[in-house]
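S.K.: Line by line, the protein sequences are chains A, B, C and D. Those letters in the first sequence? Residues 1 to 603, per our numbering, in order. Those letters in the second sequence? Residues 1001 to 1603, per our numbering, in order. Those letters in the third sequence? Residues 2001 to 2349, per our numbering, in order. Those letters in the fourth sequence? Residues 3001 to 3349, per our numbering, in order.
For the record, the hints were derived by calculation from the structure and aren't laboratory data. Some hints could be false.
To be verified - Covered stretches of chain B, as calculated for chain A (at least 3 residues, CB under 8 Å):
#	segment
1	1330-1337
2	1444-1455
3	1546-1555
Claimed, not checked - Derived lysine-lysine pairs resembling DSS-like cross-links, with alpha carbons at most 30 Å apart:
#	chain 1	residue 1	chain 2	residue 2
4	B	Lys1204	D	Lys3343
5	A	Lys480	A	Lys393
6	B	Lys1248	D	Lys3333
7	B	Lys1568	A	Lys476
8	A	Lys251	D	Lys3162
9	B	Lys1489	B	Lys1537
10	D	Lys3320	B	Lys1243
11	B	Lys1163	B	Lys1393
12	C	Lys2343	A	Lys61
13	B	Lys1243	B	Lys1166
Claimed, not checked - Examples of chain B residues lying across from chain A (beta carbon under 7 Å, computed):
#	residue
14	Asn1298
15	Tyr1305
16	Tyr1306
17	Gly1320
18	Pro1321
19	Ser1322
20	Gly1324
21	Gly1343
22	Thr1345
23	Glu1459
24	Phe1580
Cβ atoms here follow ideal geometry from the backbone N, Cα and C, with glycine treated the same way.
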Amino acid sequence: MRSGINDFAFKLASVNGTGSASSSILLMQAIFRMGVPVSGKNLFPSNIQGLPTWYEIRVNKDGYTARAPQYDLMVAMNAQTYARDVAEVRSGGYLVYDSTWPLDPDLFRDDVTFIGVPLARLCNENFQGARERILVKNIACAGVLIALLNIDEEIVEQLLDEKFSKKKALRDSNTKALQLGRNFVRENYSCPLPFHLEKMDGNKDKMLIDGNSMAALGAIYAGATVAAWYPITPATSVMDNFKSYADKFRKDKETGESNFIFIQAEDELAAIGMVIGASWNGARSFTSTSGPGISLMNELLGLAYYAEIPAVIVDVQRVGPSTGMPTRTQQGDILECAYASHGDTKHILLFAANPSECFDFTVRAFDLAEQFQTPVFMLSDLDIGMNDWVTPKVKWDDNYRPNRGLVLTAEQLEAMPKFHRYLPEEGTNVPARTLPGIHPNGAFFTRGSGHNKYGGYTEVPAEYQEVMDRLLLKHKEAAKSVPPAEIVKRPGATVGIISLGGCDPAVREAADIASKEGNPTDYMRIRAFPFGEEVEKFLADHEYCFIVEQNRDAQLRTLLLLETNVAKEKLRSVLNYSGFPLSARTVLDAIAAQVEELDAVNR
Amino acid sequence: MRSGINDFAFKLASVNGTGSASSSILLMQAIFRMGVPVSGKNLFPSNIQGLPTWYEIRVNKDGYTARAPQYDLMVAMNAQTYARDVAEVRSGGYLVYDSTWPLDPDLFRDDVTFIGVPLARLCNENFQGARERILVKNIACAGVLIALLNIDEEIVEQLLDEKFSKKKALRDSNTKALQLGRNFVRENYSCPLPFHLEKMDGNKDKMLIDGNSMAALGAIYAGATVAAWYPITPATSVMDNFKSYADKFRKDKETGESNFIFIQAEDELAAIGMVIGASWNGARSFTSTSGPGISLMNELLGLAYYAEIPAVIVDVQRVGPSTGMPTRTQQGDILECAYASHGDTKHILLFAANPSECFDFTVRAFDLAEQFQTPVFMLSDLDIGMNDWVTPKVKWDDNYRPNRGLVLTAEQLEAMPKFHRYLPEEGTNVPARTLPGIHPNGAFFTRGSGHNKYGGYTEVPAEYQEVMDRLLLKHKEAAKSVPPAEIVKRPGATVGIISLGGCDPAVREAADIASKEGNPTDYMRIRAFPFGEEVEKFLADHEYCFIVEQNRDAQLRTLLLLETNVAKEKLRSVLNYSGFPLSARTVLDAIAAQVEELDAVNR
Amino acid sequence: MPSIVKPRVAHPSLKRNDVGLTVRDYEGQMSTLCAGCGHDSITAGITRALWELSIPPHMIAKMSGIGCSSKTPTYFVNGAHGFNSAHGRMPAIATGANAANKELTYVGVSGDGDSLSIGLGHLCHAIRRNLKMLYVIENNGVYGLTKGQFSASADVGTKSKKGEVNLMAPIDPVMLALSIGATFVARSFSGDKEQLVPILKAALSHRGLALVDVISPCVTFNDHEGSTRSYIYTRQHLHEATESNFVPPAREIVAEIARQGGTNVTMHDGSVIHFSRVPDNYDVSDRKAAMDYIREHPAEVVTGILYADESVPEMHEMNKTPSTALAHLPYEKLCPGSAILDKLQASYR
Amino acid sequence: MPSIVKPRVAHPSLKRNDVGLTVRDYEGQMSTLCAGCGHDSITAGITRALWELSIPPHMIAKMSGIGCSSKTPTYFVNGAHGFNSAHGRMPAIATGANAANKELTYVGVSGDGDSLSIGLGHLCHAIRRNLKMLYVIENNGVYGLTKGQFSASADVGTKSKKGEVNLMAPIDPVMLALSIGATFVARSFSGDKEQLVPILKAALSHRGLALVDVISPCVTFNDHEGSTRSYIYTRQHLHEATESNFVPPAREIVAEIARQGGTNVTMHDGSVIHFSRVPDNYDVSDRKAAMDYIREHPAEVVTGILYADESVPEMHEMNKTPSTALAHLPYEKLCPGSAILDKLQASYR
Ligand SMILES: Cc1ncc(C[n+]2csc(CCOP(=O)(O)OP(=O)(O)O)c2C)c(N)n1
Ligand SMILES: Cc1ncc(C[n+]2csc(CCOP(=O)(O)OP(=O)(O)O)c2C)c(N)n1
Ligand code: SF4
Ligand code: SF4
Ligand SMILES: [Mg+2]
Ligand SMILES: [Mg+2]
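The shape of chain A in the complex, shown without the other chains (with noise of 0.2 Å):
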């Protein structure tokens, strides 16, 4: 199997509070100096301390980092879920255990080596105090691991040399712990193990980093000034980071005046209501939320569909239906998103598929809410928003300058005997905005309620229905302005593969081996809704396609369904709603058995 030097595979099994997550986020690191593609996955529980958590880490030379379908080796530091974890090694494979106290016999496996390692008892002769204990211990951990798998040394003090420059008791007590592990396992076992490290290049123009963090500097390039939200895991940490990038890149040196505000709502209803009266008033303004919060949001988002109201919304998705499972990931907002409030409405919706593309569509986002003046949903998910990726650098182009779309100057106010709201020039859908305070002939009267093109309140059918039908055809319009779906194509491949988002990686290595394995697919990731031309001609060129996603209910083979002029029969779901990120097998396997299904059809 795959199982070798610079490709594998190991998870970490701890509770929470414990600070493991940081000494796995520093092997990470030290992984990713190293060279060597690496992906990450947090899988923590809803709550703050004392429950089961794991991380896993897959490496893998070729640069797949979807989740690895198995372990070879786990870390099983949580005496909770021993079972568990231990049933969870491949055959072959390696666990690692605490062996200050001996393991229940029962828990052993034949087929797995057992590496004891009293981290605890190390620990406690060399420390004091039951905090520090706690948290030198991940760090000794992370010394075992250095040693097995054969993990650079000198990057790993480099790193922790950046990590406590200001703190040096810390940094030594580090080395102290780091070094306890490392020499009691280079003691006791034959290190490295056969699958290891070894430096190479594979990283080059990537950087280690979160899609929420990635989104909330997109939003700072963009430009938004009003950032107003409600705390709801996983999408706190996008206005943490835009809070944070603010106060380093937004201040005025001279004045120390914040050239943004940040606006802690005190629900999601607000937090939208905040965006859209901003976004009204001319300010970049976006906010950023989960399930939840969407359909708190649901009322507001079909004021500003109707009244064209520029607005931005990070959806970082989590499990749901309502609370479900706050830490797990999924991709289950995505009919509420392009559907969002009663009576007849469509949404602008973006699909980013790694941290990078969080950057980019945040960016695209703020365009494309001012350009067609409509709320645009930044779609990621949990998998993307909080876990570190292997993802390439941004470029940004200097040149850019915000694409306000049609808001009238005060030069063009002055100039114009009457300022009529909702009326857009001959042959387009899209009507010129004007910004208060611009120019006495600017002013207009904004509202919910019925009103015809010209922004007058109406109950008249015809101009009612006059502006939701060019509602409709400003929504069509803005296929051919939104991101193309990104299309793979292989020689002889009939069958195409859809998918969207955090599924990616997981759906280009399974097409890479179901091509190798002589089955070639075309691939097709969706970036946006509404869909462009591309997506019709993939659709059309296909005898069928399957659509890889993450819920249970098919929303994104829905939306293809009602959107694009393509045949039922054509579109065949892949679902999963496990709350953990896709793997390349589930793909695999789920394709393989509808093939097989199909196959018995044609028969």
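Model the placement of chains B, C and D with the ligands on the given structure of chain A, informed by the hints.
M.R.: Coordinates of chains B, C and D with the ligands only, in the frame set by chain A:
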């Protein structure tokens, strides 16, 4: 054309807040009591006083009660809208105006007969005080119509007797006003007009009532005890009526105690929260609202879906999006209700087509909500909910007992070693629930967060999925219990018309006309979602189907496309989203245009 | 929300304010409220106050929710920007608008339903943020637009048009605002323009959020059984069109509240409200005294500026934003540029 | 919300209450909150109070929203029904539950985020309805579960874990409740079980809604820069897992507030709160006096039962419902039957 005895339409144009609706209803009631099928559409503005308002009345001996396409007689009492109103009279028709002041000669039409009645002068001469004069003017106007249309005077007198049985003075001035109007036209014009009324026996077993009253009555008969709501047009009168009926029928004669509770919530989020809390606790509980309320209820609807708590929502639809046109009708909440809330959800919807069904379906909504432990939406709309319809009297079976679904009794619990909330019996999809306080063994913990089939908190993929998969099956299973689609077949028909709710009268009339013109069509009226087998069959059996509905985005078509096996090309849309009730003409014209298009393609 | 264009007759003799405009220039569309509605009097007061303060119309942002009261921004200052938003959400939308552009004058108009029920949370949090705006609650004790349900400000014992009696303790926006740290709180009566206009002007000049609770009688739904004979006509018959179908002609209630001893005002329903004014020596800077004064006069509606504190920073001051509108900052000031991005990205390893 | 089954050891010697149960019978699952969290102390207090009042477990309905505090109903009275609902909506859901079945004892647990931000409107309106329930706010000044943002009860000048300083006036649930007519208002401290348990018992026995604001320190997010050396480890690096990834072991803060002069209690972050008790001659029946007393002691957190009025009818009394639960009324009492329907329909003509 259609005009003639017991087959014509007239319209009264007035200003709201003057009491004109009352006199229009008086006329409708009189016509109803004459045994003539009649329908009335109140087209009123979204304010309280002083804006244009219209009342359309159609009489049709064959029982066609859809909105009339054109008017034989216009009563133009609003100077503000004269021009519009004059233009709407059919060629050869009549117009009544107040000749106290001269009419602008520009408004005259050669092909319309103008009947001037100096109503203001007559009233000013005969009555004192501004208040009374405004009121009696409407009655005088009714007198005019009595004469012109041959409305039975005895019946009108009787109605006034009933209305003012305790207010002699008012009664007298009403009679006087009525006579003023009647006598003036009798003396100055030849009465009645060529089209007019004659007694018949067309309203047997029928009554004249609005859908909101009937929905309220349904809730009373279903045994609802907790009503929670927030005022919103056009749903308010559901609760107004529920309160009136409950005060009448639910107060204990001896103790004066109320066997219900009626809570005006602080908003719609609270209203649905209260319904969920009360249902959780075993009461039959409901709310009524319209589009904006549904949007606000989104989050908690997901909670009820996922935690499997019954809830009944009467959604009286109005024109969206956003505030839209609150006093106009639409079927724009279908999708919002079907998939309300973030994450994967599916709800049960019932589509009432007339006031009688509002009663039946409200009762059934409670049964279904408890049987399937899930939210059930009873959808009607402003036209059904607020207009008076000639509708069949409903029958009540005194043997009816609420279907409370699977609720464990104290005895059952006593005999049970352990109760597991989400564990249905083998082969079924609905688990038993318990009501708080019934028995110690029944206690359980309800949560909107991830849970396994035992009701315990979980973040384990398989456990989460197991419950989610069952919820999907449960929803499917409900197809067998909801009201089946109503299907009308015509020999030789290859094309089907599909519609729902308040479109029914117009579609039936259109189908009859088409049939007479040699184009027989089959007709299926969808009455619920999820769809039953009869829906699949109808779709399968027809070459193509026209789906007639009142919204821009073809929401019923969407639902059919998604939730049946039908091929896309089969479904063609006929959309009306003007805010006014549908007329047969609109349906016929739209179908004709599409048939021509289809023929062109096939040629 | 329907609006009827008002004939605009130019009176060359009309007084002009500092920006050269007459009071007619601060008027709006013709009101479509019921004749005699208190809200129309408030509209007149707001019109006057804005004119007297010489605020250029296009520098005014009129914000409202949904309700009869919330319709009124259409009826003043046609030349201002207006936003008739969604029920209860005005404070949130105004917060965003204000955040984006501090240069405008924000006039928020809301109802007691809009602000004390569905929008209560937003109101309280706008107060906490001390958003610079005039926040008028046109308080009639009912939901006018949805036809007469009690609002949360209805007094215990009030009878609705349907004959229901309210038993729940009212939420008094003044006490509520005082208890959560509001920096400007006033109360007035729609019928007393002499008092209302100066209060509105003071409120418009306040540093942060100025809450003005204006008692504003609803002609149509403040009536109770028996008070007005003609009502019986519409109330009588159970089976009645749900449209409120007759509104008796009524006149605006006007009364100047006397400085000494206050004034009894008879409402449309015949009930009498005793309005009083805070005494001349009243200390507007003492929050506790304000609450005490109101509690000590339970039988009257105390009017006037009840509390004002100019020392508390408003939202922008708390957030140290620049003096120009955020919305109008040049993009060059906002984008850190490619060099910084490259550097930053280089650190993510 | 995760829950771990607690080993239940039967102590035959344990005292039994009037329904024959030991205090162990009122316990719940093992807490999954951070070690030392004040909320766990409140859980213990509630457990004790319910046991002492001998309320049969299955007649208790535990209602909560979302937050660390809202998780706690899992940790007491396993044998009760529980409903961990949605963020901020507990008061609404409890209102419905109570409406349906007045026979249960309602224990609502909420947080300052849950009740003073997203759920503020619902809390205020539940107070107006005087819903019979115990309503506990586990007040820690932060959003614990979402990792330390300020809540609306954070004091001016408080520093968050991220170093932000709160500048907005806090919403004090006690003052708020008093200003809108609450009929029972108390405040206590999680660490003083001696005071807390009797207050909870009094609250559970109150006629209507009993609001108990309990100051409950958050171990994990009440820390500020520099106070705890080890925190630096997690706070330091900008590029950090967003999971709160290290929570230092901490102990519950326990302190009995002295009757005379009060007690200084040091919080996890090193700050000191001065808790005092209302004096023995304090008059709980005077709302104005309560507000005055609190305002007159701005430097201390006044604890005790601050106001109680048993004269105001609760929701069911206002609505004259029968003495049995509406949910359990026989259908025969609810359905008017076919004859009445026929008659009624005959009148619609
Ligand atoms: C979400 C939502 N719910 C309900 C309504 C219906 N509605 C319109 S105005 C109103 C109440 C208005 O009362 P108030 O704010 O006191 O204004 P008034 O008409 O009395 O001036 C309601 C409930 C709505 N527009 N939106
Ligand atoms: C609609 C919605 N928005 C946001 C959240 C995320 N969230 C969960 S708990 C919480 C705040 C909890 O604060 P508090 O009520 O003070 O409880 P604590 O954790 O401090 O005890 C938030 C914002 C949510 N669950 N639902
Ligand atoms: S209903 Fe009442 S509040 Fe509304 S406009 Fe009429 S008088 Fe004013
Ligand atoms: S984060 Fe704070 S409130 Fe939450 S459990 Fe931990 S200590 Fe308690
Ligand atoms: Mg009002
Ligand atoms: Mg808190």
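S.K.: Each hint needs a verdict: does it hold in this structure or not?
M.R.: The hints, checked one at a time:
{"no.": "1", "hint": "1330-1337", "verdict": "holds (count 5)"}
{"no.": "2", "hint": "1444-1455", "verdict": "holds (count 4)"}
{"no.": "3", "hint": "1546-1555", "verdict": "holds (count 4)"}
{"no.": "4", "hint": "B:Lys1204 to D:Lys3343", "verdict": "holds (15 Å)"}
{"no.": "5", "hint": "A:Lys480 to A:Lys393", "verdict": "holds (26 Å)"}
{"no.": "6", "hint": "B:Lys1248 to D:Lys3333", "verdict": "holds (13 Å)"}
{"no.": "7", "hint": "B:Lys1568 to A:Lys476", "verdict": "holds (19 Å)"}
{"no.": "8", "hint": "A:Lys251 to D:Lys3162", "verdict": "holds (17 Å)"}
{"no.": "9", "hint": "B:Lys1489 to B:Lys1537", "verdict": "holds (13 Å)"}
{"no.": "10", "hint": "D:Lys3320 to B:Lys1243", "verdict": "holds (14 Å)"}
{"no.": "11", "hint": "B:Lys1163 to B:Lys1393", "verdict": "holds (22 Å)"}
{"no.": "12", "hint": "C:Lys2343 to A:Lys61", "verdict": "holds (26 Å)"}
{"no.": "13", "hint": "B:Lys1243 to B:Lys1166", "verdict": "holds (24 Å)"}
{"no.": "14", "hint": "Asn1298", "verdict": "holds (4 Å)"}
{"no.": "15", "hint": "Tyr1305", "verdict": "holds (6 Å)"}
{"no.": "16", "hint": "Tyr1306", "verdict": "holds (4 Å)"}
{"no.": "17", "hint": "Gly1320", "verdict": "holds (2 Å)"}
{"no.": "18", "hint": "Pro1321", "verdict": "holds (3 Å)"}
{"no.": "19", "hint": "Ser1322", "verdict": "holds (3 Å)"}
{"no.": "20", "hint": "Gly1324", "verdict": "holds (6 Å)"}
{"no.": "21", "hint": "Gly1343", "verdict": "holds (2 Å)"}
{"no.": "22", "hint": "Thr1345", "verdict": "holds (5 Å)"}
{"no.": "23", "hint": "Glu1459", "verdict": "holds (5 Å)"}
{"no.": "24", "hint": "Phe1580", "verdict": "holds (6 Å)"}
Comparing the model with each earlier hint shows no violations; every hint is respected.
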